[in-house]
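Student: Every number in this note's numbering is 78 more than the matching position in the sequence shown, counting from 1.
A hint or two may mislead.
[What the hints assert, rightly or not] Within a straight-line C-alpha distance of at most 30 Å, the following computed BS3-like cross-link-like pairs (lysine-lysine) qualify:
#	residue 1	residue 2
1	Lys270	Lys88
2	Lys120	Lys219
3	Lys120	Lys197
4	Lys215	Lys197
5	Lys88	Lys120
[Claimed, not checked] Pair ranges (Cβ atoms, derived):
#	residue 1	residue 2	range
6	His194	Arg266	39 to 47 Å
7	Gly233	Gly267	43 to 51 Å
8	Ala174	Asp85	23 to 31 Å
9	Lys219	Gly267	35 to 43 Å
10	Glu198	Lys120	21 to 29 Å
11	Asn80	Pro157	28 to 36 Å
It should be emphasised that the hints constitute simulated quantities derived from the structure, not laboratory data. Don't be surprised by glycine CBs; every beta carbon is placed ideally from N, CA and C.
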Amino acid sequence: MNLDLPDGMKRAEAADWQQLGAITAEAFYEDPVNRWIFGTPKTLDAVFPLLARTHYLKHGFCHMIGDGGAAMWLPSGAPSELSVSAIVQVAWALLATGSPGAIARALDAGDRMQAHHPKEPHLYLFTLGTRLVNRGKGLGKALFAPVLAECDRTGTAVYLENSNPNNEGFYRSHGFESQGYFPCGQDRGGQKAPLLQMMWRAPRTPSA
Numbered sequence: 079m080n081l082d083l084p085d086g087m088k089r090a091e092a093a094d095w096q097q098l099g100a101i102t103a104e105a106f107y108e109d110p111v112n113r114w115i116f117g118t119p120k121t122l123d124a125v126f127p128l129l130a131r132t133h134y135l136k137h138g139f140c141h142m143i144g145d146g147g148a149a150m151w152l153p154s155g156a157p158s159e160l161s162v163s164a165i166v167q168v169a170w171a172l173l174a175t176g177s178p179g180a181i182a183r184a185l186d187a188g189d190r191m192q193a194h195h196p197k198e199p200h201l202y203l204f205t206l207g208t209r210l211v212n213r214g215k216g217l218g219k220a221l222f223a224p225v226l227a228e229c230d231r232t233g234t235a236v237y238l239e240n241s242n243p244n245n246e247g248f249y250r251s252h253g254f255e256s257q258g259y260f261p262c263g264q265d266r267g268g269q270k271a272p273l274l275q276m277m278w279r280a281p282r283t284p285s286a
């Protein structure tokens with residue numbers, strides 16, 4: 079995707095994988111789905127940099143606002159499933175951070191996401207988030223702006239899974255509509271698994 083990024087925003091490169099992953103991990107420290115799957119911030123810190131390096135920087139595109147916010151995307155036609163090598167690296171990271179049960183939960187969540195993924199051509203938003211100190215400062219909106227503008231120009235739909243009910247209004251304000259829900263995993267310990275909300279954004283015409 080050809081993006082015209084404003085000053086202060088850059089397209090992430092391979093060398094940015096650690097910073098990209100660190101920003102994303104912190105953004106999801108309090109996320110109900112990620113806490114259910116991975117357990118602790120320490121585990122998120124280990125996993126998201128690996129996901130950035132092994133998959134999203136390799137097969138998609140990512141962009142950042144300094145050390146404050148970042149997003150990871152996959153275009154239509156890109157591999158949606160992690161490679162065997164990436165899965166092994168993530169599994170080792172989970173073991174190293176004391177979360178062996180997270181391996182099964184992560185694989186289960188991935189299978190559920192694949193099963194519900196739309197077949198229509200679209201751009202997939204994997205993550206968009208900011209450092210905790212930057213919440214409410216408009217960085218999320220800024221990260222969205224150039225990508226959604228290009229999607230409108232090219233007639234490209236966008237899909238995401240909302241993992242936090244508190245973010246639904248933010249996504250709706252950018253044109254996303256709910257397509258339903260599915261649990262991120264199996265209920266355990268008498269607690270129901272958090273829901274993932276499927277959201278779809280049709281491209282807007284210039285007059286919309």
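Student: All hints are to be evaluated individually against the structure, with a verdict given for each.
Tutor: Hint check results:
At most 30 Å may separate the alpha-carbon atoms for a hinted pair to count; lysine 270 and lysine 88 exceed this at roughly 39 Å. Between lysine 120 and lysine 219, the direct Cα distance comes to roughly 27 Å. Compliance with the 30 Å bound is thereby established for this hinted pair. The straight-line distance between the Cα atoms of lysine 120 and lysine 197 is roughly 34 Å, outside the 30 Å bound, and the hint therefore fails. Distance check on the hinted pair: lysine 215 and lysine 197 sit about 35 Å apart at the alpha-carbon level, beyond 30 Å; violated.
A threshold of 30 Å between alpha carbons decides the hint, and for lysine 88 with lysine 120 the separation of about 27 Å falls inside it, so the pair holds. Checked against the hint of 39 to 47 Å, the C-beta distance between histidine 194 and arginine 266 comes to roughly 20 Å, which is inconsistent with it. A C-beta distance of roughly 46 Å is found between glycine 233 and glycine 267, which places it inside the suggested range of 43 to 51 Å. Distance hint for alanine 174 and aspartate 85: a CB-CB separation of about 39 Å, inconsistent with the stated range 23 to 31 Å.
Range check, lysine 219 to glycine 267: about 37 Å between beta-carbon atoms, so the 35 to 43 Å window is met. At roughly 38 Å, the beta-carbon separation of glutamate 198 and lysine 120 lies outside the given 21 to 29 Å, and the hint is violated. For asparagine 80 and proline 157, the Cβ-Cβ distance of about 21 Å falls outside the hinted range of 28 to 36 Å, so the restraint is violated.
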